[in-house]
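Trainee: Input sequences plus hints: build the corresponding full structure.
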Amino acid sequence: MKKYLFFLLGLIAFAGCKKDDVGTKKFSFEKPVHFPEPTYTFDKNPVTKEGFELGKKLFADPILSVDNSVACNNCHVKSVAFTDPQHSLSLGVEERSGIRNAPSIANMAFMKEFFWDGGGIHLDFVPPNAIENPLEMDEKLAHVVYKLNHHSSYPALFKKAFSGIETITAPYMLYALSQYQVMLVSASSKYDKYKTGDEMLGADELEGLEVFEQKCAACHSGELFTNQDYRNNGLDTEFDDPGRARITESDADLGKFKVPSLRNVALTAPYMHDGRFKTLEEVLEHYSAGVKQSATLAPELQQNGTLGIPLSATEKQRLIDFLKTLTDYDFIQDQRF
Amino acid sequence: MKKLLFLSTLLVSIAFLSACKKDEDKKDPGTLEINFDNIAIVNGVEKQLSLVAPGSADYNYTNEMGQNFNINLLRYFISAIELDGPNGEHFHDEMSASASGAKGYYLIDESIPSSQRVMLENIPAGNYNKITFTVGVDSAGVVDGAAGGVLDPATNKMFWNWNSGYIALKFEGQSDVSNGGTSGTETIADDNQKGIAYHIGGWKNIPGTAFVYNNKQLTFTFDENVKVESKNAPELHMVFDILSMFKGDKMIDFTGNHNVHKPADGVDMANNIAKAFAYDHIHQ
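Chains as they are written, first to last, in the numbering used here: chain A, 1 to 337; chain B, 1001 to 1284.
Listed next, the in silico BS3-like pairs over lysine-lysine satisfying Cα-Cα at most 30 Å (straight line):
1. B:K1103 x A:K160
2. A:K140 x B:K1262
3. A:K190 x A:K31
4. A:K159 x B:K1103
5. B:K1103 x A:K147
6. A:K278 x A:K316
7. A:K324 x A:K292
8. A:K147 x B:K1157
Okay, the calculated bits of chain B under chain A, using three or more residues with CB under 8 Å as the criterion:
9. 1199–1213
10. 1255–1268
Label-pair restraints from in silico Cβ distances:
11. B:G1101 x A:H151: 21 to 27 Å
12. B:N1179 x A:T237: 31 to 37 Å
13. B:T1255 x A:E238: 26 to 32 Å
14. B:G1256 x A:G305: 41 to 47 Å
15. B:Q1217 x A:E282: 48 to 54 Å
16. B:D1028 x A:K160: 38 to 44 Å
17. A:F27 x B:A1189: 44 to 50 Å
18. A:A156 x B:V1143: 28 to 34 Å
These are calculated hints, taken from the structure and not from any lab test.
Predicted model only: the values in this text are computed from it and were never measured.
Note that the Cβ used here is the ideal one computed from N, Cα and C, for glycine as well.
Mentor: What follows is the structure, given as structure tokens:
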């Protein structure tokens, strides 16, 4: 009898395991093999299907804004890799213009710091900045929590996502939003398939990759295509926006902004922290002929006494051919997101 | 028979030994209640603080520069509490932070009397004559992301979204010499031309960087031992003198320096804050 009991228990355990694998695989975080280790604190906030779905609902819900008019996905649109294709400077409530361009939020699970100036040090702390910024959602966290607790469906959804909670609190709302965002992993572009040996790049694209590695990869390095550091890339000589210096409070960082990831870059126009360039051609023209000298200019942009990056017309074209291989159609069409 | 005798001897000695051990293993752990009394020391006399309604023109305090002021709000974090005794006694308050709550972090708010009493439990019995704590929330409370309890940014109103981290100490009030134009405050209305706001923060303690670290780790020695054991309920009284916040190596001038919202601007006041705390007395 005892034997049978063990057998039965074993079966149950096995079945439990199996069910788990099949049922939640799609909704658990998986690091792409060629990616670095994630930075997100999954030990505190592991991804579950319920938490992810809740985060997704919150991300698309204007309830986060003061007049219920602006949702996260107003400025982070899935079809363009979660950026804002329409505005150089995104619009908040009452059409208020922000001060910076909405960056892509792909691969946030791997980032050390957030925002153009790196003022965010953990993904959980990113949404409150948008929610409470008067130029964005102009709402108070406490009031969002109040609205969620008095909503017809959110209380039940939170209890499903986070067992044991009595009421909705801000940290659980931020956990849910993070669960959604960490899942937004873009790692199946043509370039990725080339890296994993599943697809070839064309001759032009390979040429572009070679130029890229020589002339761009010092800053746009690694599989995330960013060294996650801050650079003044020669856009201006005076800085209305202090950039990284706002956070470090050091003049040595004036006009520096986070080196952006280039994944899906063909989709994420307009470019730069203020969205001043509309096309990749304009961006490359800036790097080859438009870089301006200033005290904090990136050393990478003043090599051998020359300002900018020397690029021939052909090199520019090949670079764009290569950059387009970073577009991840699986990502922007992923039904889960 | 011999065997039985041996056995009983053994039993008796075990009983004796364990009794002995129990005795030596001392008394059960006890508690210590720490009171953070916010005061104003006027002419050497400690006075309980009194808050005014925001916008009030009733100025009940004067800083070292002779400038009148009053207080709408005073709130600060205490964390990482440790106790030490003359014979090697040591206790450190457990700390953790996640969405389900925060342990070891205390938010002292002048408008909430219960918040000013911090109860430490499970302290090994013994004599203690030294306390160490941090004013503010250090990196361990920040780098793991959103947290609940007193670290919940929605309820504590002590979080900088633009530069992730907890404000160590928040002061808001009015001074008749203020030039007005404070921003990002909890209690000072836009049209209040006499506001003074000091939000002191900065937790990045990274050598070799420009970051300003404004949290303060402070240690105080008592003039007598506080005896902790299960049958005692001792109370320790610490004081925080609001007037000391505005004097020290650098005086705070309410005319020019009345709206502080970033680490570098709060350095002088953070240094003053370190000297505004003091050990006061113990109730055994």
